[in-house]
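Novice: Protein chains in written order, with our numbering: chain A, 2 to 429; chain B, 2 to 429.
Honestly, I wouldn't trust all of these hints.
List of simulated lysine-lysine pairs, DSSO-like, C-alpha gap at most 27 Å [as the list claims (entries may be wrong)]: (1) K178(A) - K178(B); (2) K230(B) - K178(B); (3) K230(B) - K56(A); (4) K56(A) - K178(B); (5) K56(B) - K325(A); (6) K230(A) - K178(A).
In short, the hints are calculated from the structure, not lab data. Computed from a prediction, not measured in an experiment: that's the story for all the values here.
There are 2 protein chains.
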Amino acid sequence: MDAARPAVPPASPLRIEADYLLETPIDPRHAAEIIAGEQSSGTFVPVPGETPELKERAAARVEALEVLETGLMSRSLPSARGEWGGERISRARFTLSWPLANLGPSLPNLLATVAGNLFELASVSGLRLLDLRLPQAFADAYPGPGFGIAGTRRLAGVEGRPLIGTIVKPSVGLTAKATAALVAELCAAGIDFIKDDELQADGPGCPFEARVRAVMPVINRHADRTGRKVMYAFNLTGELDEMQRRHDLLLAEGATCMMASLNSLGLVGLGALRRLGGLPIHAHRNGWGALSRHPSLGWSYVAWQKLWRLAGADHMHVNGLDNKFSETDASVIDSARACLEPMFPGKPCTVLPVFSSGQTVRQAHGTWAALRSPDLIMTAGGGIVAHPDGPGAGVRALREAWEAAMAGIPLAQHARGCPALARALETP
Amino acid sequence: MDAARPAVPPASPLRIEADYLLETPIDPRHAAEIIAGEQSSGTFVPVPGETPELKERAAARVEALEVLETGLMSRSLPSARGEWGGERISRARFTLSWPLANLGPSLPNLLATVAGNLFELASVSGLRLLDLRLPQAFADAYPGPGFGIAGTRRLAGVEGRPLIGTIVKPSVGLTAKATAALVAELCAAGIDFIKDDELQADGPGCPFEARVRAVMPVINRHADRTGRKVMYAFNLTGELDEMQRRHDLLLAEGATCMMASLNSLGLVGLGALRRLGGLPIHAHRNGWGALSRHPSLGWSYVAWQKLWRLAGADHMHVNGLDNKFSETDASVIDSARACLEPMFPGKPCTVLPVFSSGQTVRQAHGTWAALRSPDLIMTAGGGIVAHPDGPGAGVRALREAWEAAMAGIPLAQHARGCPALARALETP
């Protein structure tokens, strides 16, 4: 698939670039200049050390600006003065650039520069970070995914098709022993990948260590029998010292994946986890909705996922088609494509997009048509365990749906020779 | 001041509680139940292990719900289906609770529970986390501020009044030597507190180590002369190993404060920094706007600041009255009051709120009137360095304004005996 992927556009070696969607009641060019000043060497009143040389050296620049529309509209976001009525508003797309020398190739400091004190500026009534382009120095400074697509496939023993996965349900409440019993059933069903829910890490009802010690023997025995080890993403989210201990336990028990909640770890926490280095990082985005749900505020996933890939994530959640959330299918596909797009020449940092939320045999064709890549994890909960003939048939049906999608065979036609798929299609 | 502060309300010993503001096109009670299910043991289809006992043990509960308004309105936030027109919408305030046993006293996992996959639910057109109440087990598991209000006052040698501070400006672009020269001037002016800008951490134009080695001798010499050490919050934001080295350097050079960007560190990164333990943590909230600006989405600061205080922040940014951003004065004061409100019996975790953004002598009276506490840091940039008689007069004027405010003397009246204040008031 790699040949068909887009080439990496050449990035400036010395400047960081960010694209924004802007909404403002003032002249958009002026608003962009205010943001550039606020996020670099600008000051509200002239100060003694502020020489023209310093300005030239450190200032952020508006590289491009395109007004998308102007008219009488209501503000998307309030200001302290509270105007929400119809007034003249412009929407624009613009690009800022900063000298790399302002901050150096540092992801934690990049965040303060491209997404710091700017969403709350009174002169904008909407601001969303759309994309980022980073100089090669970032590629040299950061490790990127330790395993990525190829490493994950090797550990899971799955080539040429998506990894078919599921989530331990109920999300929280099962004991370690009950989790292991469920895992045994899922292993027997032929699953490729299982993950903890993000609500389940180390609660007293199902402690991390007890869960690992109950689940891994099941997975290891199944691997001994079949030659293929089911990848289980254990949610080790916790304080750093806890995560270190859990990482070491996972390695000792032969586990092949660790899961972490990105918004809890932060870029610094994920960087520290990545340095431990022993297992692929299954990156969960819970909390993402607060950063992204308003279309005029916060972050696009296209920009956000770049930070985490460079910091070391191997799998990134992207929601799924026809999901139970508010996200559109187009947005889901944009996110997944972004995960598969190389970031730097010689350092693609590509990761497996993880499709989840109400996924069934019905989403395989649409996902394939939009992505044209088998490099993904599809996790189905009810879509597998609620199959009328049991989870084994559920896994088989989902795999058959993907065979059909990738071979260009309509689902109903393929189902005629595949009883598990046919039965899955009877379920509404 | 402590006697006047509210007593800590008794929290449930075994359940975590969170209050939300909800907007929904469906029955608000039903929407709240969906969120409770999504964030605990609920499943979309019944699964084998989902017994009534498990449900009873692990389920989140809707503890209270009050409908605020119902009527024909536009949705605040879109759904995948794209409805934005007038329809029947309700706004409500509700409280959820979770068994502590679902997750244990873990802040990174608390985040996934109270603010995880819920802002993007299709059944809500708005959801904002308003407040949190945590069982005592969290107080036992976390350190809270290492220095807090009393420790900061002791290190800075300031009692009974706010710390008067400023920010190194231009934000970025000054060399280490130029920064030290500015610091010398500010020390001579009688400043209590100086901070790096959040854009300035370790860029090649002003490396962290060079800055510390240039600035600290100036501060140490001034302390030797005056007996009082100006507190400088060095921005050590970076990867964890970098922050460890920087922390150690600060200690070795006699510095008394370290600054970090919370959204870059994450709760895990801040927890790791807190464990180093040598200096107060000046916590910067840059990026906060994306989490908070839409009034129907994301986080209230009242909820958010509790997490960071418990994790170990000592100073928390709250913006300022009449600020240059979109935040209202009422919201700023709510945030500052929250920082001064004790969190647990026997473990208040109170921190210094940091007022900044366009602060001058004109904000002292309003800030005092609303807060009735001198426990704060007020950082003024232009409000100090742009004083017509120089920064020394700028610092003096701001201190005089606070004397007047705390003594109940009108600003103009006090200015008659205070030339520096009088001159500051001539500036528009």
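Novice: Give a verdict on every hint.
Specialist: Here is what the structure says about each hint:
1. With a CA separation close to 62 Å, the supplied pair K178(A) and K178(B) exceeds the 27 Å bound.
2. Restraint check: the Cα-Cα separation between K230(B) and K178(B) comes to about 20 Å, which is no more than 27 Å; the hinted pair holds.
3. For the suggested pair K230(B) and K56(A), the alpha carbons sit about 32 Å apart, so the restraint of at most 27 Å is broken.
4. Using a Cα cut-off of 27 Å, the hinted pair K56(A) and K178(B) holds, with the two alpha carbons roughly 17 Å apart.
5. The suggested pairing of K56(B) with K325(A) holds, with an alpha-carbon distance near 22 Å, which does not exceed 27 Å.
6. Our distance criterion of 27 Å between C-alpha atoms is met by K230(A) and K178(A), whose separation comes to about 20 Å.
Of the numbered hints listed earlier, those contradicted by the structure are 1, 3.
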